[in-house]
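Chains as they are written, first to last, in our numbering: chain W, 12 to 207; chain E, 167 to 490.
In short, the hints are calculated from the structure, not lab data.
Check the hints yourself; a few may be wrong.
Claimed, not checked - With a Cα cut of at most 25 angstroms, we get these calculated PhoX-like pairs of lysine-lysine:
no.: 1; chain 1: W; residue 1: Lys55; chain 2: E; residue 2: Lys397
no.: 2; chain 1: E; residue 1: Lys255; chain 2: W; residue 2: Lys159
no.: 3; chain 1: W; residue 1: Lys176; chain 2: W; residue 2: Lys126
no.: 4; chain 1: E; residue 1: Lys323; chain 2: E; residue 2: Lys383
no.: 5; chain 1: W; residue 1: Lys126; chain 2: E; residue 2: Lys353
no.: 6; chain 1: W; residue 1: Lys159; chain 2: E; residue 2: Lys353
no.: 7; chain 1: W; residue 1: Lys126; chain 2: E; residue 2: Lys381
no.: 8; chain 1: E; residue 1: Lys440; chain 2: W; residue 2: Lys43
no.: 9; chain 1: E; residue 1: Lys288; chain 2: E; residue 2: Lys323
no.: 10; chain 1: E; residue 1: Lys323; chain 2: E; residue 2: Lys440
no.: 11; chain 1: W; residue 1: Lys148; chain 2: W; residue 2: Lys176
no.: 12; chain 1: W; residue 1: Lys126; chain 2: W; residue 2: Lys92
no.: 13; chain 1: W; residue 1: Lys159; chain 2: W; residue 2: Lys92
no.: 14; chain 1: E; residue 1: Lys381; chain 2: E; residue 2: Lys397
no.: 15; chain 1: W; residue 1: Lys126; chain 2: W; residue 2: Lys148
no.: 16; chain 1: E; residue 1: Lys395; chain 2: E; residue 2: Lys381
no.: 17; chain 1: E; residue 1: Lys288; chain 2: W; residue 2: Lys43
no.: 18; chain 1: W; residue 1: Lys137; chain 2: W; residue 2: Lys92
no.: 19; chain 1: E; residue 1: Lys397; chain 2: E; residue 2: Lys323
no.: 20; chain 1: E; residue 1: Lys383; chain 2: E; residue 2: Lys353
no.: 21; chain 1: W; residue 1: Lys43; chain 2: W; residue 2: Lys55
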Amino acid sequence: MLDGAEVRCRESSLREILGELPQHIAEYLTRKYARATLLLCSNKITEVFMLSEVIAGVVGRVVTQGLTPYSAGFYLGRLRKSKPRFIPSINLLQEMFRETRELINAFVVADEGLKPFLYGGDILRKSVVGCYEPVRKGEVVAVLGTDKIVYGLGLSRVEGCEELKSRKDLEEVASNVFDVGWYIRGEARGERKYKG
Amino acid sequence: MSREVRELAERYGYRPYMVSRYLEMLRDYREVENMLRAFEESLNQVVRCNTLKLTDCRELVGRLERLGFSLRSIEWCGEAYEVVREPEKPSLGSTHEHLTGLYYLHRGKASLIPPMILRPTKEDLVLDLAAAPGGKTTHMAQIMRNEGLIVALEPSKERIKILRNNVERLGIKNTVLLRLDGRVSSKVFGGFFSKVLLDAPCTGEGIIMIDPSRKTKTTLEDLMRHHEKQKELLRSALGSVGSGGRVLYTTCSVAPEENELVLSEVLRDWEDVKVVSLESPVKLAPPVTEYYGIRVDDRVRFCGRTYPHTHGMEGFFICLMELR
């Protein structure tokens, strides 16, 4: 959750944030959750949650009493003021890949590359055994294992899968944005500095 | 304090007042020693397969077995397994399967029981009054198939982060997490909820096998502080359900001061609360009905306990109440 400065939450709708999302995520959410209620909680960054009807009712009740939910419903990701504008949650990506049965905007990484990644390390070219477009330099890319489970998110250092192929084995092709090891390492989830 | 109590306390490394209470509670010297001996035994950790992410738990078993773990099914909880052998590496907390939320790691079997007794459904409005780190919250979400509502409260800034991490790691979508002291829930929500789980913060006198420091850590004053807080939490829990609503009170302590006596004192002011017979997946031991000459409220006889020496698990107390 957002630490530090005061957090403000308000209800919203998918339409309000669609322009901030990568196209494939916007399309998926529109298809599946067009009428959902969203909750946007902001200080320096904005966290986006999707609420069921019953959860929206409780959140409304809580907010009117001057309380701020720490999290609510389905955490979709966070909006940023600069590029990358949206960092999706692991659960959103996993659900989207499972339901569409299609990998998109993703690197599939071999086990030996996953190990350092799960301790906060970056992704080297030699670890990537699959690449799925669109992959844009400076934008977020999903990091999956060969078991097709989402292990985290990277910030792509390459513009497309063709460029990835041209890189040398030990070149970094994605820097670690978030990995599932964070759940256990318990690091704070404040805004991170992006080198790219 | 008798010589035999002092000897037992010294032999097993306890504060003598604790052993003295155990003797009053169990009324049998040999049984007290059996319990203290059982607290010296280590417990198998328990893996609860996350059925929100896996449709077939055999997939998880296969993956963990390939890593060198041996699992044994827990017959009364279909999705849970005792870990009977572990490889040197990786640890159960660092496997990819754990990090990606394919399972929740419990320190013992007993903590599986309370959500199974409360049995929330997707129609329920559930309150988890002291939720972190989230074992029972996530178990209830799993029982509810990620539908309905669980409001999970946790006052600690650090512990609510752990709670959120576990909720997200397991892919749970039906919770609202609030950084709030459970003692104010009835003021905030009134009788909004249909089911409340109160896993009250306690001395941990039932998990000494996991944390042996608890043999000496708790003074009598600490124990009474817990007792007072537990009463406040229980009052708040009862004030958070409407008519027909249910409250499950549980602790990981064998101390009557944290269990039967809490119930007994609080229920005195709640004539319209009945204690419900427990439909438990394991046969529970009866509660303590008399303690240092105090007869506990008659309704408490329907509550239940687990003991390490008779159940082979942590010492838990469980009680299910219903508001008329």
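Now the hints, each set against the structure:
no.	hint	verdict
1	W:Lys55 <-> E:Lys397	40 angstroms, violated
2	E:Lys255 <-> W:Lys159	23 angstroms, holds
3	W:Lys176 <-> W:Lys126	22 angstroms, holds
4	E:Lys323 <-> E:Lys383	24 angstroms, holds
5	W:Lys126 <-> E:Lys353	47 angstroms, violated
6	W:Lys159 <-> E:Lys353	46 angstroms, violated
7	W:Lys126 <-> E:Lys381	39 angstroms, violated
8	E:Lys440 <-> W:Lys43	44 angstroms, violated
9	E:Lys288 <-> E:Lys323	29 angstroms, violated
10	E:Lys323 <-> E:Lys440	35 angstroms, violated
11	W:Lys148 <-> W:Lys176	14 angstroms, holds
12	W:Lys126 <-> W:Lys92	31 angstroms, violated
13	W:Lys159 <-> W:Lys92	31 angstroms, violated
14	E:Lys381 <-> E:Lys397	24 angstroms, holds
15	W:Lys126 <-> W:Lys148	23 angstroms, holds
16	E:Lys395 <-> E:Lys381	21 angstroms, holds
17	E:Lys288 <-> W:Lys43	21 angstroms, holds
18	W:Lys137 <-> W:Lys92	33 angstroms, violated
19	E:Lys397 <-> E:Lys323	23 angstroms, holds
20	E:Lys383 <-> E:Lys353	33 angstroms, violated
21	W:Lys43 <-> W:Lys55	29 angstroms, violated
Against the hints set out earlier in the document, violations occur for numbers 1, 5, 6, 7, 8, 9, 10, 12, 13, 18, 20 and 21.
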